[in-house]
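Asks: Residues 1208 to 2007, numbered by our numbering, are exactly what the sequence shown covers, in order.
These are calculated hints, taken from the structure and not from any lab test. Any given hint might turn out to be false.
Stated by the list, open to error - Restraint ranges, calculated between C-beta atoms of paired labels, are given here:
1) GLY1558 with LYS1615: 49 to 59 Å
2) ARG1425 with CYS1557: 28 to 38 Å
3) GLU1689 with VAL1946: 50 to 60 Å
Every residue gets a Cβ at the ideal spot worked out from N, C-alpha and C, and that includes glycine.
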Amino acid sequence: MIARRRLLSSPTILRRLFPLYREPHHFLSSVSHPSDVVVHTQKQETLTTDKTIPNTLNSHIPQHHLEKPISKIPTLSQELTDPTRITDPIDPTRLSDALLTYRNDPDSALNYFKSVEMRCSSVFWNGPFCVLFHILASSEAHHNILRKKINALVCRRRGFVGPGIVDQLVGVAKRFDFELNSVVFGEFLFCFINACRFGDAVKCFGRMVENDVVYFNRDVSFLLSRLIDNERFSVARGLYDKLVGRGTHDCGMLLHIVRACENEMKFRDAGNYLKAAIDNGLKPDVELYTRVIFVVCKGPDVNFAYELCNEMKEAGLTPSKEIYMYLLGAYVNHRDMVGALKVKDDMVACGVPLKLRVAERLMKGCILVGNLDSAIGLLEEIVRDGLAPKGRTYSILIRGCCEHGNMKKAKELYSRKKRLGMKPTVFNVNSLIRGFLKANLWEDAVKVFRVECDVINVLSYSLLISWLCKEGQMNKACNLREEMFVKGLVPSVVACRNMVRGLCKVGRTSEAWNTLKKLLKDGISFNRKMYNNVLIGFLKENDFVSTLAVVSSEVRESGFYPKISTYKTLIDGLIECNSINLAINLMNDMRNNSLKLGVTSYGVLIDGFCRCNDMGSAQEVFDELIRVGLSPNTVVYNCMVRGFMHVDNLDAAVTFHKKMIDDGIPCDLETYTILLEGLLREGKLLPASNLYTEMLGNGIKPDVKTHSVLVNKLCNRQQLDNARQVLKEMKSTSIVPTVLIYYTLIAGYFREGNMQEAFDLHDEMLDSGLSPDDTTYDILVQGKVSGDGSLANRYAPVDQ
């Protein structure tokens, strides 16, 4: 039986058995134009001869076909009336003709098609399917069956059905006088969408439009919705624009586009689409206006949203309560309280009552922008309108007054709340305490604290303790802390941090450290900043041998290991106190803790050795810095150059300057100032002049300090003309000379006996707006100059 079916499935055998048989094609591939789907009307060739099938077909052909005369094969009329007699594939034309006999009987047509389909399930026909769909669409009772049939075809035979089905349906309808029923086309569109074949769905709709098929707006709205759900925003916009061009858009479709604008965060576009739709004849309803205004309010164009609200009223529509809420919220969020209050007035004028929640939100907005008068005015307004403010309302206003320093009004509102029988909350008490402390009204803060002792909490104590610590009143702060412990309260981390910082600030570092340890035992954890405060406090007390060592060990036991920044602070403090050995020990400690030293850490130690004139140790640290793979920066080189200058090793300083240039380290103004001072002190004027020229060539302009060094050293070397030239150069570059520079030059001219130049400089100094003191007059009138021929030390700090 199986072999017989396979043999009869051969197109060659079927064509020889049935002259009208056509080879099955792809469901759409046989149709390139709507006319192709029209059923062929060529005359059927009747088989009337008694000739049998030629024996040349070989023995593979079933015997009952070889022996049966052609006249015994079932005729078309027999197959039309009895589909069970169909035993071979038939021509789609014959099947279409058979279906057309049941065009007014959808059930018979469906049953007939099913029987044929069961016997030829592997074959698809273009025309018969379209004929069946039109027959089923003509009966409303069969629309569910039609949908299932189309859905099975679209979902299960994805490769056989595409947008071209629209052309085929139109062609069959015209050929056989079927009505272009929107149902069948809508079902195909719906099934394409459900199958997520959005490209085919859009093309299907386009073919419907081109063939003047009437479509349902609900189908197009569904297509827009699914496109937006799948983030195909540009496709949805393009489809909507086509609908607008045809004038078939409606409010539902525009709602979907508004949702697309919201998802793309193109909020203003939502309003622009609404305006364009109105220009094209659309009459928006309240729902559409509400949604558009909601989306526009999400963006920065709140005034545009308010403009849409006014247009809505001009169109005869009454804005809903939601619209006013959106506008109020947007204006408050943008801190535009003028606009928010204007919307509030419009809302009340339109008959929408002002609710307490809305009034409170407006109060918060007014407080946010510092408009306390408007916030309090809203309170009086809602009272006049018969609304009863709640405790929450007064809490908002009390906090606002405290934040903006209006403590008089805050006290009035607080008292008013109590008179109305509303119990103050800890929120109110803490707001008042914070406000009084901010205004330095300690007595008022303590009074509120003591009166409302039943509602105070940890924050209340913490506010007072923190303020006392900042003011240095540590005894009172410690008393409050002990009072907390008695009540079983634990201070907040902020209060403890302020306590430790305050104790360290007043020189009670040991007490601060004991407090920290006690709090650690109570389970309060602290960050590195807390420990740094203690360490710095001990450093300021210069207790390095014992206290610092104890603190370091205790810190490690608590699981705290200082960061590089902490070590840097400690090293810097030790060097400031000339405790170089301890600084070296800390650096070794850093290495032991696997902390990588940076250029800054090495630079701090190098600077410390340079200050102590220990250039040998400074050179060793510098060499170690390079050995570990770090590159010295300008600050490190300046430390070395300055250090060698202090020990009068000019050659080494110049060598380091050359090394800077060779290593590509840029020299700054400080570098050149240090070298110029050293060269001029040694009387090397030509190298100093070359260095100055090099500095100017590198685009570095001298400042007042550099000019002071030049004038001072040139005067000491009796180079008064060059020093006077430096003064002229300062004026030409709009640098105001200092009194020190004039004093230096005046003293230099006095030593040479050139009193006229000295007095001229004095007059020039007065014209520059500088005021000489008694020392200047001593030089000019009495000729008082120090015995070594230089100015007193107070006028020559550069040499020190």
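Asks: Given a hinted range of 49 to 59 Å, is it respected by the beta-carbon distance of GLY1558 and LYS1615?
Replies: The hint (49 to 59 Å, Cβ to Cβ) is violated, given that GLY1558 and LYS1615 are roughly 38 Å apart.
Asks: When you take the CB atoms of GLU1689 and VAL1946, is the distance between them in 50 to 60 Å?
Replies: holds (56 Å)
Asks: Quick one: are ARG1425 and CYS1557 within 28 to 38 Å, going by C-beta?
Replies: holds (34 Å)
Consistency with the previously given hints fails for number 1 only.
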